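The numbering of the sequence shown is the working numbering, which starts it at 9 and goes up by one.
Derived by calculation from the structure, the hints in this document are not laboratory data. Since this is a predicted model, take the numbers as computed values, not measurements. There are no misleading hints in this set.
Label-pair restraints from in silico Cβ distances:
| # | residue 1 | residue 2 | range |
| --- | --- | --- | --- |
| 1 | Arg86 | Thr24 | 32 to 42 angstroms |
| 2 | Lys51 | Thr18 | 28 to 38 angstroms |
| 3 | Lys75 | Leu49 | 20 to 30 angstroms |
| 4 | Asn50 | Ser25 | 36 to 46 angstroms |
Here are the simulated DSS-like cross-link-like pairs (lysine-lysine), alpha carbons at most 27 angstroms apart as the crow flies:
| # | residue 1 | residue 2 |
| --- | --- | --- |
| 5 | Lys64 | Lys51 |
| 6 | Lys31 | Lys65 |
| 7 | Lys32 | Lys51 |
| 8 | Lys32 | Lys64 |
| 9 | Lys78 | Lys32 |
| 10 | Lys54 | Lys64 |
| 11 | Lys64 | Lys75 |
| 12 | Lys75 | Lys54 |
| 13 | Lys78 | Lys65 |
| 14 | Lys65 | Lys51 |
| 15 | Lys78 | Lys51 |
| 16 | Lys64 | Lys31 |
| 17 | Lys54 | Lys65 |
| 18 | Lys32 | Lys75 |
| 19 | Lys54 | Lys32 |
| 20 | Lys75 | Lys65 |
| 21 | Lys54 | Lys78 |
| 22 | Lys64 | Lys78 |
| 23 | Lys31 | Lys54 |
| 24 | Lys51 | Lys75 |
| 25 | Lys31 | Lys75 |
| 26 | Lys78 | Lys31 |
| 27 | Lys32 | Lys65 |
Quick reminder that beta carbons are idealized off the backbone N, C-alpha and C, glycines included.
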Amino acid sequence: MSKNNFEILTEVYSGTSIGERIKKREQVISDYLNVYGQLILNKVLKPTPVMEHLAKKYNFSRCGVLKILKEAGIYHGRSNPVVYPSELNNKTEIYGTANRV
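Take these sequences, add in the hints, and give me the full structure.
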């Protein structure tokens, strides 16, 4: 069984500051999808305040959270604020490392 890029990065950088940032990035993505995803799609919450809350919670800037979500392919702007992983095309992984050069 081969490992994906995220598993390799987590294994290599575990216990370091880079490893902590990788974990926080994963938690931001998970929270955005699992906790706030349906609320955003049902228009109970707007994406920007959710990103601001996640930024405060995980000690990122709002722009940093936006960048994380865009790189992961989860946020595609106002018209498509939540894209679940099953809706992503086959070339993109959930953590956005497939298309990096």
